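Top to bottom, those sequences are chains A and B.
Take the first sequence: its letters are residues 35 to 809, numbered as in this note's numbering.
Take the second sequence: its letters are residues 21 to 515, numbered as in this note's numbering.
I should point out that these hints are in silico values taken from the structure, not numbers from a laboratory.
Careful, some of the hints might be misleading.
[To be verified] Residues on chain B that point at chain A, a partial pick, calculated with CB under 8 angstroms: (1) Pro-122; (2) Pro-165; (3) Ala-168; (4) Leu-240; (5) His-251; (6) Asn-282; (7) Gln-293; (8) Met-312; (9) Asn-325; (10) Asn-465.
[Said to hold, decoys possible] What follows is a set of in silico ranges between Cβ atoms, one per label pair, in the way DEER data are often shown: (11) A/Asp-428 to B/Gln-138: 41 to 47 angstroms; (12) A/Gly-642 to B/Leu-514: 49 to 55 angstroms; (13) A/Gly-642 to B/Lys-451: 35 to 41 angstroms; (14) A/Val-419 to B/Gln-138: 27 to 33 angstroms; (15) A/Gly-104 to B/Asp-469: 35 to 41 angstroms; (16) B/Gly-404 to A/Gly-642: 51 to 57 angstroms; (17) B/Phe-85 to A/Pro-151: 16 to 22 angstroms; (18) A/Ser-143 to B/Leu-514: 28 to 34 angstroms; (19) A/Glu-421 to B/Gln-138: 52 to 58 angstroms; (20) B/Lys-451 to A/Lys-214: 58 to 64 angstroms.
[Stated by the list, open to error] SDA-like, lysine to any residue: derived pairs with alpha carbons at most 20 angstroms apart: (21) A/Lys-132 to A/Val-199; (22) A/Lys-525 to A/Asn-439; (23) A/Lys-525 to B/Pro-301; (24) B/Lys-263 to A/Gln-652; (25) A/Lys-760 to B/Leu-284; (26) B/Lys-494 to A/Asn-155; (27) A/Lys-774 to B/Asn-270; (28) A/Lys-579 to B/His-292; (29) A/Lys-92 to A/Leu-156; (30) A/Lys-100 to B/Glu-489; (31) A/Lys-690 to B/Ser-252; (32) B/Lys-490 to B/Pro-83; (33) A/Lys-453 to A/Arg-359; (34) A/Lys-445 to A/Thr-429; (35) A/Lys-178 to A/Asn-155; (36) A/Lys-736 to B/Val-297; (37) A/Lys-728 to B/Glu-289; (38) A/Lys-579 to B/Pro-301.
Because the structure is a prediction, the values reported are computed rather than measured.
All C-beta atoms in this analysis are idealised placements derived from N, C-alpha and C, irrespective of residue type, glycine included.
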Amino acid sequence: MKINLWNKISFCFVVIMITACSKSKIVNSQEFGISQVLPDHIDFNFHIKPILTDRCFKCHGPDENKREAGLRLDTYEGAMAAIGKKLDHFAIVPGDVKSSVLIDRIFTSDLDDVMPPPESNLTLSNFEKKLLTKWIEQGAEWKKHWAFIAPENKVPHVVDELNFVKNDIDKFILAKLQSKNLPASPPAEKEYLVRRLALDLTGLPPDPIDVNEIESNKNSDWIETYVDKLLATDAYAERMTADWLDLARYSDTHGYQDDLERIMWPWRDWVIHAFKENMPYDQFVLWQLAGDLLPNPTREMIVATAFNRNHKITQEGGVIPEEYRVEYVSDRTQTFGTAFLGLSVECAKCHDHKYDPISQKDYYSLFAFFNSVPEAGLIPRYGAVPEPFIELTDTEISEQLTFINNVDTMKKIPLLIMKEMPEPRASFVLSRGAYDNPTTRVYPTMPEAILKFDENLPQNRLGLAQWLFDPQNPLTARVTANRIWQIIFGKGIVSTSYDFGNQGSLPSHPALLDHLALKLIDLNWDLKAFIKYIVLSGTYQQSSKRDEFLSSVDYENIYLARSNRKRMSAEMIRDQALAASGLLKRIIGGPSVKPYQPAGIWEEKTGGGGGSTAKYVQGEGDDLYRRSIYTFWKRTVPPPSLMTFDAASRDFCIVKRQSTSTPLQALVLLHDPQIVEASRVLAYNELSVNSDPKEAIGSIFKKITNRKINEAELNTLFELFQENQKLFDSEPEKIKDFLKIGSFVIENPGDEKILAAITSVTLTIFNLDESICIS
Amino acid sequence: MSEQKILEERAYTLNRRNFLTKASLGLGTASLASLLGMSFFSPSKNGILTPETSGLHGVLNAPHFAPKAKRVICLFQSGAPSQLELFDYKPLLNQMRGQDLPESIRNGQRLTGMTSNQDKFPLVGSIFDFKQYGQSGAYISDILPYTAKIADEICIIKSMYTEAINHDPAITFFQTGSQQPGRPSIGSWLSYGLGSENQNLPNFVVLLSRGTGRVAGQPLYSRLWGNGFLHSLHQGVQFRSGKDPVLYLNDPDGMSKATKRNMLDKIAELNHQQFEVFGDPEITSRIAQYEMAYKMQTSVPEVMNVEGESDMTYKMYGPNATVPGTFAANALLARRLIEKDVRFVQLYHMGWDHHDGLPVAIKKQAEDVDQASAALVMDLKQRGLLDETLVIWGGEFGRTNYSQGKINDTSYGRDHHPRCFSIWMAGGGVKPGIVYGETDDFGYNITKDPVHVHDFQATMLNLLGIDHEKLTYKYQGRRFRLTDVSGNVVNDLLA
């Protein structure tokens, strides 16, 4: 790589910028433990614990088998206990730095003694050493891990001179902003806010009729009315379902090797139905975890339990079935941990958890809840439906399960569900996680460090679900509130929404998270009401514009002095193109569909097996234009256009996707026939009502970005229209080809040269950063 | 993660973003490499950033050791080729043909569900002869005549072993260090660790070919070249033969280059305006991504276009080298990609899963790959690239010394065998012309110098200058690495 002089100059310039940035960043990140200025008061959970867990727990943590020198730093008693052969010294003596061996050992230059030891590849910075010293000086205060302490509702008092506060959420945000001397941002302009609300709540752009109506509405109460309207739509339910499908690792195939098709979409239809009906979240989850164990369960409750059968299942001839059966139970265990507790319980599968108070025994005690399913590790025959399953009859569907969209009018639909064996299967700690290495017998229960499992609860999934929603459970509501916050803001208050444990991120606004958790319980887990509460806050409605000052002092927008500008999800990007063009087919539920996909990508990877998944047979008609949650999901070769925009692979439970920017994304947006076709149809529709190209461009721009185009933008795009029209004029044979992309047939295209040029302008607009972002 | 690392990571994020902000001033200078998350700066000890004067690098500030290899080509033989017909010569099996595998040799080895019901485990030797080649006197099968000729260039490891006994977990294990899906692939780790030296191509390229030996065999999964929890810029990008060499690469029908260029210019212009309003650095990142996509539209077809190759080269790689999508054509492409400094080129050749009809099938498979694999090594050598390019050839596990199903005069089959298998490596700092490791006379157990898949991966990273225990990524509270929790560098393999 050659670097020319120009680059060098700009690099130097950038370095200066960065240095400036990082300094101010550090100053403003005090509570995240990276400040170079020692805080006056050292907080155990915010300053000390992250150091201990990350740098010390590997050898002095919860894992008994790996503990060195008898010292454990994960409990107060352990940290303060006498150590050494003669039990004559102490790692930590509160208030007495000189007697605290820990301090000696972190400052020594003796390579044999220094902690952490060189071979661990871990080190402490001087700053961290000083923090530890000052903490001991101040008395070595110890606190339980923040997420395991019951939440408290302490709404701060704030002086709100600028009328920022719309509800209690804003008080938390404002209090913190004021402590950092940061100003909140003004409210977002109306047109941005309409788009933001529509996409955040429904995953679809706003209806143009709504946009026009709101534009002319001079009252400020339009927001609440509009939010209510959005929350009542099917689109809202679909948007929430999109998120849930990742969490539930939903797929239309089994996921291993030949990756055969399975039928799980009736469960997906149930999820949509449940969100639509606003089923309280506790009930929504309880049915999925244990619907079959409720007294006289309805067919619907049974359908809900398919949640726990969404894991991969193998049909690879020759595997040891028991090994895989154990894998499925582990998958359910991990899903439960990540989705509902925000804990990486799977780390305790082979040994005690290195960072969190979850022993290997605790892991297998949770595992035991999911271990009594009458299932096999290997699908018995090629193409067989793995037990347990039910067969939904067309009568049942038309009478009780009307939310299932049985478009193929199958007489019987087999659906994988959960069942409990009459006698629970015995569970054991599996040494090193190996299926054939059982040791201690365990029984279903949960770690006391989170919440004691009441002995009156049934020792099965129903008891587990009840434990989960016990009002005393410190995690469930926090984890859920955080995930919903993440859906709306793009980032959780705990940014590691999958990890509330010792190694997870600390909450940026701990008191707000507590407030939201209690609010959610207070609302009886009413998700629509909870979402409404969030989006009606002044915090949410702020502008997402950032000036240099905000950018430099809070680059990542931790303090929310502005709204987050987010890239839309993979599904939203495709759905927006369909919606704006009018191609979108609003059919709810039903078997998954196969829209455009580059030819041959299933075929080139199949080994010859796979049945219906060996060859991609593209759908036709409506199937090409359904919302993306209905796109057929083949786990080993997932849809590339969606994957390119960071969709989850569905191999296992994911509660937070990446949000990246790559050249491959540009290729998809510019060349995917789905987007090119949508451009053509939108161009045609607008030209049909607006024969003046300039006006049509303005109108198309608004359909896509939901705001009025400004003059400069219009001139730029009109220029593009003129240039491309000329080019098409000079190569008229290209026009037909260009207008042939996609299945949709335009009967009377009018002047094709104009249509082609306007199509290219529309495609350009679909490719603007603004068009794939929520600003 | 050390404080230093944390600072580095933070600095690296800032660097990238600020660079891109500034890059919007002059797009021409943004290369794919810069977008792959590689820093132009090296954070010094105190966390202050200093500009790099030469080259770009990945998350590793500097290699842990002096690297011997800079790039890797992995010729993965999917389905698991039989070591007993290729590199591990066991005449005893011919002598004991049809006799049962002694229990003392099997020694509790678990079997797959495909042969666990067999009442007999009849030993069967290779139907093909072996001869000795090169200075080490390595035994190589008659069905690999070209590989035999480069015996002095390659290092054959006969003592590889793995933990998995079925394809899906085993291939996932070899490619990602874990049997369970979801971890980053080797190529993604390298891209993350070492960054890119290429301007306009992805850093990790994947090429697929189908074997002629067994048309219906083991499938492949796109997650095998997935980035897992690493940034998606580190994912493997499949290059395909035919019209669209990278998915969505081609302009739509009827769109001329000029039309397209006009569009891109306006996209950049309008995105700039948007940046002025919102100040979001992601917008400038996107501007640069569009330019890079445009460059790829030229650079990918260019590297895929083999028309300029000499007749001599075609002759070397064999008749299939001119047939797009074959292993031979892919091997030639691999060399072209390496010449462009692509970090990791991953080939998959399918069709090695020979449970029955092995003699016919494996001969065809060998014909598919033998000449081109050897040609690739020699081609790299004659171009002076072999020293710094590591070539790897092998599958996910070995095959049993007994027949699956009945043996007849001309045919037999072999089941999966994890306890030993053979691979070879060449170039990139590997000791050439040696045979490493031994198995017993039954070809069932390793008797000397076992190499676990993690040992192999650790060794490979070592050759690239990376300490396998230090290239980590913290995700869900844990520091993950390619070799999971084990792996030792096999020093005997290093030149």
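Verification of the supplied hints:
Look at B/Pro-122: its Cβ only gets to about 23 angstroms from chain A, farther than 8 angstroms, so that hint breaks. The restraint placing B/Pro-165 at the interface with chain A is violated, with a minimum CB-CB distance near 28 angstroms, outside the 8 angstroms limit. For B/Ala-168, the interface hint is violated, since its Cβ never comes within 8 angstroms of a Cβ in chain A; the closest pair sits about 30 angstroms apart. Hint status for B/Leu-240 relative to chain A: holds, with the closest Cβ pair at about 4 angstroms, below 8 angstroms.
Annotation: interface hint on B/His-251 holds; nearest CB of chain A at approximately 6 angstroms, less than 8 angstroms. Given hint, B/Asn-282 at the interface with chain A, holds; its Cβ is 5 angstroms from that chain's nearest Cβ, closer than 8 angstroms. Because the closest C-beta pair between B/Gln-293 and chain A is about 7 angstroms apart, less than 8 angstroms, the hint holds. Hint status for B/Met-312 relative to chain A: holds, with the closest Cβ pair at about 4 angstroms, below 8 angstroms.
Using the Cβ-Cβ criterion of 8 angstroms, the hint placing B/Asn-325 at the interface with chain A is not satisfied: the shortest such distance is roughly 19 angstroms. Interface restraint check: B/Asn-465 against chain A, minimum CB-CB distance 20 angstroms, threshold 8 angstroms, status violated. Under the hint 41 to 47 angstroms, the C-beta atoms of A/Asp-428 and B/Gln-138, about 45 angstroms apart, fit the expected range. The hinted window of 49 to 55 angstroms between A/Gly-642 and B/Leu-514 is violated, with their beta carbons roughly 40 angstroms apart.
For A/Gly-642 paired with B/Lys-451, a C-beta distance near 39 angstroms keeps the hint of 35 to 41 angstroms intact. Restraint check, A/Val-419 to B/Gln-138: a C-beta distance of roughly 29 angstroms satisfies the suggested window 27 to 33 angstroms. For A/Gly-104 and B/Asp-469, the hinted distance range of 35 to 41 angstroms is satisfied, since their beta carbons lie about 39 angstroms from each other. Our hint of 51 to 57 angstroms for B/Gly-404 and A/Gly-642 is violated, since their Cβ atoms are close to 41 angstroms apart.
Checked against the given bound of 16 to 22 angstroms, the beta carbons of B/Phe-85 and A/Pro-151, roughly 21 angstroms apart, stay inside it. Between A/Ser-143 and B/Leu-514 the CB atoms are about 33 angstroms apart, so this pair conforms to the stated range of 28 to 34 angstroms. Checked against the hint of 52 to 58 angstroms, the pair A/Glu-421 and B/Gln-138 fails, with Cβ atoms roughly 27 angstroms apart. B/Lys-451 and A/Lys-214 have their C-beta atoms about 59 angstroms apart, which keeps the hinted 58 to 64 angstroms range intact.
In summary, the hint linking A/Lys-132 to A/Val-199 is not supported, as the alpha carbons are separated by about 49 angstroms, beyond the 20 angstroms threshold. Taken as a hint, the A/Lys-525 and A/Asn-439 pair is broken in the structure, with Cα atoms around 34 angstroms apart against an allowance of 20 angstroms. About 17 angstroms separates the Cα atoms of A/Lys-525 and B/Pro-301, which keeps this hinted pair within 20 angstroms; it holds. For the hint linking B/Lys-263 to A/Gln-652, the alpha-carbon distance of about 19 angstroms falls within 20 angstroms, and the restraint holds.
Note on A/Lys-760 and B/Leu-284: the hinted pairing holds, with a Cα-Cα distance of about 17 angstroms set against a maximum of 20 angstroms. Distance check on the hinted pair: B/Lys-494 and A/Asn-155 sit about 14 angstroms apart at the alpha-carbon level, within 20 angstroms; holds. A distance of roughly 16 angstroms separates the Cα atoms of A/Lys-774 and B/Asn-270; the hinted pair therefore holds under the 20 angstroms criterion. For the given pair, A/Lys-579 sits about 14 angstroms from B/His-292 by alpha-carbon distance, which is consistent with the 20 angstroms threshold.
The straight-line distance between the Cα atoms of A/Lys-92 and A/Leu-156 is roughly 10 angstroms, inside the 20 angstroms bound, and the hint therefore holds. The straight-line distance between the Cα atoms of A/Lys-100 and B/Glu-489 is roughly 18 angstroms, inside the 20 angstroms bound, and the hint therefore holds. Distance check on the hinted pair: A/Lys-690 and B/Ser-252 sit about 14 angstroms apart at the alpha-carbon level, within 20 angstroms; holds. Restraint check for B/Lys-490 and B/Pro-83: satisfied, since their Cα atoms lie roughly 10 angstroms apart, inside the 20 angstroms limit.
At roughly 15 angstroms between alpha-carbon atoms, A/Lys-453 and A/Arg-359 fall within 20 angstroms of each other, so this suggested pair holds. Between the alpha carbons of A/Lys-445 and A/Thr-429 the distance comes to roughly 8 angstroms, so the proposed pair stays at or under 20 angstroms and holds. Proposed proximity of A/Lys-178 and A/Asn-155 is contradicted: the alpha carbons are some 28 angstroms apart, above 20 angstroms. A threshold of 20 angstroms between alpha carbons decides the hint, and for A/Lys-736 with B/Val-297 the separation of about 18 angstroms falls inside it, so the pair holds.
Taking the CA atoms of A/Lys-728 and B/Glu-289, the gap is about 18 angstroms. The hint holds against a cut of 20 angstroms. Our distance criterion of 20 angstroms between C-alpha atoms is met by A/Lys-579 and B/Pro-301, whose separation comes to about 11 angstroms.
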